[in-house]
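Fit chain P to the given chain G structure using the hints.
Each chain is listed here by its residues.
2 protein chains.
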Amino acid sequence: MFDLIIIGAGPGGFEAAITALRKGLNIAIVEKDKLGGNCLNRACVPTKYFWIGAHTIEKLKVFNEYGIDIKDFSLDYSKAWEGKEKAISFLRKSVSQLFKTKKVPVFKGIGKIIDKNKVKVLTEDGSEKIIEGKYILIATGSKPIAIGNLIPDGEYILTTEDYMDKLKKLPESILIVGGGVAGCELGYIMNRYGVDVHIVELKNRILPLPFISEEAAKLIMRKFKQLGIKLHLETTVEKLEIKNNKVFVKLSSSDEIMTVDKVLLSVGRKPNTDIDEIGLEKDEKGFIKTNEYLQTSVENIYACGDVVNSPMLAHVAMYEAKVAVHNIVEKNKKKVDYSLIPSAVFTVLEIGQIGLTEEQAKEKGIETITGYFPFMYNDKAVDEHEKEGFVRLIFEKNSKKLLGATIVGASASELLHIMEIAIKKEMTAEEIHEFVYFHPSLSEIFAYATYDIAVGSLFRK
Amino acid sequence: MFDLIIIGAGPGGFEAAITALRKGLNIAIVEKDKLGGNCLNRACVPTKYFWIGAHTIEKLKVFNEYGIDIKDFSLDYSKAWEGKEKAISFLRKSVSQLFKTKKVPVFKGIGKIIDKNKVKVLTEDGSEKIIEGKYILIATGSKPIAIGNLIPDGEYILTTEDYMDKLKKLPESILIVGGGVAGCELGYIMNRYGVDVHIVELKNRILPLPFISEEAAKLIMRKFKQLGIKLHLETTVEKLEIKNNKVFVKLSSSDEIMTVDKVLLSVGRKPNTDIDEIGLEKDEKGFIKTNEYLQTSVENIYACGDVVNSPMLAHVAMYEAKVAVHNIVEKNKKKVDYSLIPSAVFTVLEIGQIGLTEEQAKEKGIETITGYFPFMYNDKAVDEHEKEGFVRLIFEKNSKKLLGATIVGASASELLHIMEIAIKKEMTAEEIHEFVYFHPSLSEIFAYATYDIAVGSLFRK
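In order, the protein sequence lines correspond to chains G and P.
Note that my numbering has the first sequence beginning at 489, numbered continuously upward.
Note that my numbering has the second sequence beginning at 489, numbered continuously upward.
Excised from the complex, chain G in its bound form (with noise of 0.2 Å):
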């Protein structure tokens, strides 16, 4: 018997086990697919992957600035297409190497609770083997939904799963339904690599999300429309016929009929709930209901994840994951706390959001006061030709204690952490103002967007 069977080799599933080898359990992986889940195979990796490219690919006009003058240069995203293979499979390789060190059995199949200790994996070839566990854990991800008449065929009309799988040529031009954060970073990639793309969004703006502000929502709007990419707002698909390799789509903004290579479905995910025969409770949206020890209805059986009721981001997985193992090892158990999770968008600029964002802290009732500075000005920012984009930071008015931060430009994910164990560490403003950024760095922004609250207005009088 395992101390613990994992089900489902994603971010949550890897970290898991990584958690659970360190604290010296007998572990067991039951995987379906690929080791590394959908994030690592199709979403968060190879999505950074290809936009790493089109970023190069809008920085080469730049390159002269640099003494670097490219005469002569050629896109083909087939080459992006199996360097991103490369770099996958590299990673996938490290996973599976580790496990293959730590000797840890990876069952290939489809996992199936079939009582409290035992999972059945169904392999391809039909057979099937029944293991047995003290723990299980659920870490079996999510799936594309589908919406009305759009039937994903993965031919003409795309899952995100099936473009990052299967589009190893780009169309000429394509319709995206869905302006949420798999259409924009895909729409973005796939219009720098030449594609003509129309981005289809039932609300008045992309990115409608509330971490997203609409500041920062405005201005990739604004850069998309200079890019060329078609944004159709408030808009939806009425009509839909594929006929002679030609996708024919009726929109309800216009009487014209557009006609597209391909239609890619971006309208989100649900859960990977068929995974049990023992009756584990669902939430009423389908997630599996877990405690805030992320233990399920059934005791000794954890879940994390995409399947769960929270955040649909790897890194809340790979957290949940960490969580869940502690608690099933540990006395002291921990409680899952989401109140500080970063989110990152990846398109023409990069977003990073932590904490609140001004309107998440109005509706909370929250008076606020905020700090602003652009890329514009900052040195760093200068030297490398990224000069678009800004900080916006949201303070407790009396407290000046920071609740949230906007960053919107170069390197956005990775400087949005400092902000993080800023809201942490209830620093304030003054405090965040101070603080030594070496110079020149982009982190600099933080000690601007700080100035006036911290010091006061240069142009108050």
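Treat the hints with care, as some may be off.
Copies of the same chain look alike in the list, so a pair counts if it works inside one copy or between any two.
Claimed, not checked - Calculated lysine-lysine pairs in the DSS-like style (CA-CA distance at most 25 Å, straight line):
1) K823 / K888
2) K913 / K888
3) K711 / K850
4) K773 / K758
5) K912 / K888
6) K777 / K713
7) K912 / K622
8) K875 / K547
Hints in this document: simulated from the structure, not taken from any laboratory.
Bear in mind the structure is a predicted one, so any value in this text is a computation, not a measurement.
Showing chain P alone in chain G's frame:
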């Protein structure tokens, strides 16, 4: 009479000016050269500019991994030089524009304190002007030193300032005397732009500075050799002769005479202290003597930056400037605190350093335990083709509190701030480990570098 006269408009003087303006002071500035000082015009900012060019040249070879096929390119350093000029003149203009908007008089010339409230400005045309101030801040910076028989002539024997001001066209070969930060940074840049670079260093390693660990210096030396930069360690320049447009050099390490086009001196800097006729006290090393409030021996005269005995770094000057102006205006005086000063070096890999190295902790008699993680297994670094480098975290052995961090690799100069706050806030290995980092991000190296200490080793048995 002005509230405050600031002598020197480098990073210290500028920061003092905007802090003073925000505090409502009526100020005047005296500057003998360009606004922005050496930092903006001849050191930090242009060095990073050229570094981005050099690093981009190095990255060209992985562009095909992103489907960007560079068929033909050429390097022209003089264009990089022009780009650098554009960048720094943009920043300089933003400074001068601000002073204009705020109606701050900028007196062009050499400032000399002739009385505790009077500064005599000697302008280039020989005229003199005397201005009066309640307070005076000395922020006159430093200048390069020469050693022994190596006398800069601005043509064959260059200072780092000559390099930035004059070297629009690079020589074919150069000998850099001094393997410190500036020597290594400029050596790397020139190497990437095609120069045959030799570095002579008295000590047995490059970057022989207490805040750079052996481990970091060794990695950079190995990479330098791979790039073809020739290191002459434990070596001095014994003889030097200029003949037929060439410099003939006899090094202590060889009997042969080496021929190079130029010699770059990078052996240190000394404070610009020739600024008064009132007998301001200096310390034994020749710096302006200040107390912990940055007051000189004359009560109403303060000093900050390279001219006082503290680390010769732009951000130290900026920090001191804020403290000095605060102490001029406010009743609750602040003491300067140099306990957390970040450092970074930009060569083939970035080095970011905060707090103590292992060697420094040992010298202080502190028992340590360290955490390590290579960038190689960081997903984002793999995406970026930036797999080289590592993070080394130094913890106090019993409390597991963070004492220091060395980061060698991508974005080290930004990431170090995350560890800087962690040290300031006395975070333990466990806290750093459990912190939620965005995935995938380079910042995740901190979660992995703390795994062994916070959770347990993977390979302890």
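Hint numbers the structure violates, sorted upward? 3, 6, 7
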